[in-house]
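Reconstruct the complex from the two isolated chains, following the hints.
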Amino acid sequence: MMLLPCPWCGPRSATEFRFCGEAGEAGARPDPATATPEQWRRYLYLHANPRGWSTESWYHGSGCRRYFTAERHTLTNEVRSTTAAGGAP
Amino acid sequence: MSETSEEPIARSPIAPQAPVVRFGWEISARAARGDLSLSDETPLAKVAVRAPFRGAAADALGVGFGRTTRTDVDGVGVGDVLVVGSGPGEWLVLAAPGRGPDLAAALTRRLGSSGEFVSVIDLTHGRALVRLAGRAAPQVLAKVCGIDLSDSVTPDGAALRTTVARVVTDVVRDDRGGPPSSVGPSYLLHVERSSGQFLAGALLDAGAEFGLETGTFVGLAGRDT
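Here the protein sequences line up with chains A and B, keeping their order.
Using the numbering used here, the first residue of the first sequence is number 1, and each one after it goes up by one.
Using the numbering used here, the first residue of the second sequence is number 1, and each one after it goes up by one.
For reference, chain B alone in the conformation it holds in the complex (with noise of 0.2 Å):
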């Protein structure tokens, strides 16, 4: 029996390229050299809600269906949160890594004297999240994805569920936390863990003659430092 004090380490569903351990997790050390990139961004805290379509906790999440907002919840830090209208009374929240419970407990403090009926469950570890961001971007999404994709339908701050690699997939645009490396749009996928491995593969696939690589963790403020 081998000794060790060390803390357990958590693993995304995507295999890493060169892993190293930070903040609890397997992550990929390689950063991508060009633009384009895929990075595995499934350490990111997620936080599922669900709530009436309309009314005071959709009034506190701040964002409806279809928008993204970036927000404070109480303990868990400045504009470290991003507040995502996944579907008609659904959000996903995403957070720093390892803030799970954390912001669970805010969210669940938060809305649960709306009166409304609210869940909030803490899906981290049950979900992969990959962000695909540069120039590219779009064009490599679109051989995937059935959406328009253009700035006029999908602005910065879009998001919606649809197939990506016959894939249900939430798709967020974020381009403010895209990897400071890379210019242009940048998506959020957001999947079922047993699908990450293969979306993140298919993605390769199609963004092979774009030069897509795979980069390191990125967090949700890549650009803002």
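Chain A with its partners taken away, still in its complex shape (with noise of 0.2 Å):
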């Protein structure tokens, strides 16, 4: 079982959570009004899916119903800290 800590509720099972994407300069939208369809097509469709240290948002869908930012390693799913979105617990 892989474990997601939480900064509301704490360590919790990833079946607990929703993967929302990378976060951080690799996810973040672009302005609509000015972007180019090349742009904008990277920002849908192209992702940066490192080896290594990721910045991604997760929801806790199954508990707090709330949004943060989580640095996890995908080789080895460790986390080495986590944000809660619109300010910490």
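Because the hints were derived from the structure by calculation, they are not lab data.
A portion of the hints provided could be inaccurate.
[Unchecked claim] Some, not all, of what chain A presents toward chain B, calculated at C-beta under 8 Å:
hint, residue
1, TRP8
2, ARG12
3, SER13
4, SER62
5, GLY63
6, CYS64
7, ARG65
8, ARG66
Even for Gly, the Cβ is constructed at its ideal location relative to N, Cα and C.
And the structure:
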């Protein structure tokens, strides 16, 4: 079982969460008013998908129903930091 | 057309055994003989409150995320209200059967003056609530729930939301309200109404090896009386 440390609820089974994509610079949404089709396509379909540390957005749908950002190592599933969206608990 | 002047009867989503009608609800009359029991507590009034995580409304409710408290809300009665911090900025308030509208009105009066964005909704007929109580209750729950249920992590008065038998459930440890005939931990499990029968069936299945039986309605003041 993979455990994810929710900043509100503590470590929980990953089945309680939904993965919401890469956060930070890799997942930053461009301004739709000024983005070129190439930038928009890159945002929608292309992902960094690194082998190593990745900053990701997760949703704890079966728990606190809050979003948070986690730094996860994609090879070992180690999580070194989490940040609650909208302020720390 | 039948002539009747009886009050309408409310029904729980969980089919009762040997049903009788009390306080306007059809409840199971069969009492558990052993220590370990699963009782349908759906008739309890259930009110959901949403408010900012920190602030005047949160202070007025008297309990934060992850804990419970027994309190008095104007017009509802002393000691028969259980306030549960079920999520960040979310509370579940439980009271005696039939008190839902009074409780929601009292909470609206009390929290309305905070000046914050607060919502109070009576969910009594939209949710199901069961109580799993007895010495082996943590062992039964551990079969269908991934939470550490030891006293050091989940003591009396703890509240959390997780999955129980894959159903999103508010788990509330409330030993004081357990059935008078039992000892040991007592858990209130609060789910969407449509998941009630499934959850009760899953728990009875998990508890069969421990002798889990269906019990009658207990309410909030079980071991107090």
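Consistency of the hints with the structure:
The interface hint given for A/TRP8 is met, as the beta carbon of that residue sits about 5 Å from the closest beta carbon of chain B, less than 8 Å. The beta carbon of A/ARG12 is positioned within 8 Å of a beta carbon in chain B (closest approach about 7 Å), and the interface hint is therefore held. Evaluation of the A/SER13 hint against chain B yields a held restraint, the C-beta minimum of about 5 Å falling below 8 Å. With a cut of 8 Å, the hint placing A/SER62 at the interface with chain B holds, because the nearest CB-to-CB distance is about 5 Å.
The restraint placing A/GLY63 at the interface with chain B holds, with a minimum CB-CB distance near 5 Å, inside the 8 Å limit. The interface hint given for A/CYS64 holds, since its Cβ lies 5 Å from the closest Cβ of chain B, which is under the 8 Å cut-off. A cut of 8 Å between beta carbons decides the hint on A/ARG65: the least distance to chain B is about 6 Å, and the hint holds. Of the supplied interface hints, the one on A/ARG66 holds, with its beta-carbon coming within about 6 Å of a beta-carbon of chain B, less than 8 Å.
Hint check: no violations occur; every hint is consistent with the structure.
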